[in-house]
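Trainee: What follows is each chain in one-letter form.
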Amino acid sequence: MNSVQNPKVMGAFLIGFALVGGTYVVTNFGQAPAASPTNLTAAASEAPVRLFVPVSDSDADGVEDWQDQFVKAPAVVVSDITEETYTPPTTLTGQMGVSLMEDLLLIKGGGPLAKTEDQAVQNIVDRVESSSALDTLYDVKDVIVVRNNSNETVRAYGNALASIVLTYSDANLDHELLLLQDYVNQPEKVDNSKLLRLAEVYRDYRDNTLITPVPSNFIKSHLDLINVYHAMYMNITAMAEAETDPVVTLVRLKRYEDDTLGLRYAIENIYDAFSTYSSVFAADDPAIFFARFYQFGP
Amino acid sequence: MNFLFSCVEKLSLGLFALCFSFVCVYTPQVFVAEAGGVCVTATGPCAGELSNTTIAGNTGATAASAAVSATANVSTSASTGSTFLLDNLLDGIAWTLGKTILSQMTSQILKWVNSGFEGSPAFVTDMKGFLLNVSDEVIGTYLDELGGPFSFLCAPFKLDVQVAVAIAYETARSNGGILPPATCSLTGALENLEDFLGASGNFADNGGWSAWLKVSTQPETYTTFGAGIGANIQAQARLVNARGEEIKLLEFGGGFFSNKICEAIEGPSGPDERCSITTPGNVISEALTFQTSSGARTLIEADEINEIIAATFSQLTQKAITGTLGLLGLSPGTGYSYEGTPFTEELMAEGFTKDPESIYELIVDDLLIETTYETIASDYRDRFTIELLDPTLSAEKRTQYQDAVDDINTIRVVIGGNAADLTALRDEINLNRNGAGEINADPAALQSIVERYFDIPIHTEIEMNSNEDIWSNMLR
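Chains as they are written, first to last, in the working numbering: chain A, 1 to 298; chain B, 1 to 476.
None of the hints are false.
So, partial list: chain A residues that the calculated Cβ filter (under 8 Å) puts toward chain B:
| # | residue |
| --- | --- |
| 1 | Ile-15 |
| 2 | Asp-61 |
| 3 | Pro-74 |
| 4 | Tyr-86 |
| 5 | Val-125 |
| 6 | Lys-141 |
| 7 | Asn-149 |
| 8 | Gln-181 |
If you want the footprint, here are the derived chain B segments under chain A, 3+ residues with CB under 8 Å:
| # | stretch |
| --- | --- |
| 9 | 8-17 |
| 10 | 93-99 |
| 11 | 107-113 |
| 12 | 270-284 |
| 13 | 305-317 |
Just a sample of chain B residues kept apart from chain A, beta carbon distances all over 12 Å, derived:
| # | residue |
| --- | --- |
| 14 | Phe-3 |
| 15 | Glu-374 |
| 16 | Arg-383 |
| 17 | Leu-388 |
| 18 | Thr-399 |
| 19 | Asp-403 |
| 20 | Asp-407 |
| 21 | Gly-417 |
| 22 | Thr-423 |
| 23 | Arg-426 |
| 24 | Asn-440 |
| 25 | Ser-448 |
| 26 | Ser-472 |
| 27 | Arg-476 |
Just so you know, these hints were derived from the structure itself, not from any lab.
Remember, predicted model here, so these are calculated numbers, not experimental data.
By construction, the Cβ of each residue, glycine as well, lies at the ideal position given by its N, Cα and C atoms.
From just these sequences and the hints, can you work out the full model?
Mentor: Spelled out as structure tokens, the structure:
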């Protein structure tokens with residue numbers, strides 16, 4: 001009984017209650033009590049009145065506006081296709097269409113002796129991809145190799161590579177996918193000039209890197225970088241043709257994701273190659289770009 | 001003393017309460033490091049920092065410090081690898097591109113069709129005759145099968161059905177071989193059955209319920225009309241299949257194939273355009289039919305056209321390009337694995353396949369450097385060894401010379417290996433020379449040579465001259 005009356009025990013109990021109570025209050029304070037459902041009588045509410053929504057055809061072309069939004073591509077105008085003199089298509093898109101139909105007719109006429117539809121499709125796809133998705137690869141004989149791998153040479157080389165990126169970049173350009181999206185969605189309002197400018201940026205990267213003397217220890221990473229620049233140049237150039245020759249754009253988009261990853265790896269590999277020469281670079285060297293790309297890049 | 005004890009007691013209790021309260025109300029927060037040059041991990045990308053002094057002291061760095069995220073287009077492009085842009089943009093772009101391709105392809109095909117096919121196969125001008133030939137062959141085979149021992153027709157009316165199908169086909173042949181829809185339905189057949197049942201007036205005399213059950217459940221087998229209908233249906237199916245006109249559901253992106261086709265009309269206030277939504281297959285099919293002699297007959301079904309275009313799209317959009325078409329096989333050492341031929345191998349294979357003399361020249365040049373280096377190193381090793389024989393040599397010099405001899409021996413081992421490897425590669429190339437002295441090795445062999453060459457830790461001329469200067473100074 002004495003222990004019950006012990007003020008220390010009583011104090012501990014009081015503090016404990018206070019803490020628990022305080023925590024409870026803090027936890028629930030401010031929360032509105034859940035409204036208890038009242039009048040739970042089941043009642044079928046009256047269905048809302050269905051109203052007629054008027055349809056419009058603002059361009060008066062016979063296709064209602066709500067349908068128009070599902071057909072975003074330019075309309076095929078039949079009246080325009082009766083030309084007196086036929087000009088074979090010059091774009092890959094047009095050539096692909098005509099080739100497909102020629103093959104389809106030949107399949108019909110040739111019977112069992114003709115190639116199958118699958119073969120026809122594969123031939124067309126192979127032809128399109130080989131003509132638009134394969135790039136020339138730059139190799140050792142295309143670059144200037146120096147035998148000198150001294151610290152000074154490596155430093156100069158690293159700074160030259162980074163300076164090319166810093167000099168020829170254009171900060172006013174968005175990401176190429178954003179530019180492409182704007183272009184394909186609003187071709188009548190947005191032209192492809194920004195995409196073409198961005199392609200020039202990569203072309204400049206490529207051309208200036210090609211003429212930069214490379215120490216022999218850096219040949220592989222150097223060529224990787226050049227080929228990635230070239231691939232990006234080709235990709236973005238193809239994006240700029242989205243309205244004139246969309247098949248080329250589509251085919252290049254297939255490899256675009258790989259190429260952007262390749263770009264990242266190429267720069268990281270350059271960083272790896274320089275990392276063994278870290279002591280030769282100064283804090284204000286442009287080559288620090290590669291380190292910062294590795295550290296803060298994607 | 002009691003007061004002091006009481007104070008300590010209260011402080012302890014208060015501290016306990018504080019700790020308890022803190023534990024109750026504390027919510028852990030994820031630590032976010034400020035962007036400014038602090039390495040995230042000790043072993044991550046910063047471990048081998050390009051320059052340790054750089055990151056720590058980049059306050060005054062030049063444009064390089066801001067280049068990564070702000071100005072360098074390579075950075076924004078490479079950021080695509082983060083997949084955010086890919087996930088959010090590429091699908092929409094590809095969809096729009098696909099629609100544009102469809103429109104342009106349709107237009108070009110229509111131009112080509114309306115131009116009279118521009119030298120296309122002549123058979124399209126007599127497609128009707130072509131199709132009839134196909135149909136004749138098919139129906140003949142089928143009629144043979146109907147009369148054969150394994151026919152599904154019951155013997156009593158086998159011949160009747162054969163004749164009926166043949167007559168029906170002949171009647172329909174004027175319409176391109178398309179059989180007319182069956183005019184005698186199952187109901188009609190059962191009416192005939194009732195006649196049969198009522199003729200004798202005695203249900204039991206004609207087989208009873210058992211016969212009735214067979215006839216009623218399998219009319220295609222036990223009644224003339226049922227068999228005829230069945231045969232005609234099968235014949236129709238065969239003819240349809242023979243012309244490749246079977247109906248296939250086109251499932252390509254749900255509505256992707258809808259196109260807006262417009263034609264010029266004369267409106268109340270002048271020329272106008274009237275458009276409708278249809279598929280490319282429809283509009284092309286109509287144009288094809290109009291341009292050929294098949295008249296109202298359809299040359300190629302719209303679905304067939306849609307189907308082949310869809311198959312092409314499917315192939316074109318399939319994610320299959322990697323490696324030499326993409327650049328993912330970039331190079332080893334990135335932690336990236338690639339199943340195909342690495343990009344660098346392709347690169348080297350193509351380059352030296354085109355100009356194999358260039359790799360030969362590199363090998364010969366390097367062999368010369370290694371040989372020269374070996375001569376210099378041997379010379380200095382001998383000179384250091386002679387100096388070490390001098391009993392008056394100071395201990396410090398003796399240590400230096402001994403270290404130099406050890407270094408030279410190590411270098412000579414590498415030189416020996418390099419020289420042997422380079423000589424082997426040179427000889428291998430020479431073995432592949434033809435009578436005219438041209439290198440005639442296959443690309444795979446050249447690629448192997450190039451790979452082995454890049455693996456050799458060759459010495460450079462500068463390295464050689466630098467060591468020569470060091471050894472020369474030591475001996476002064």
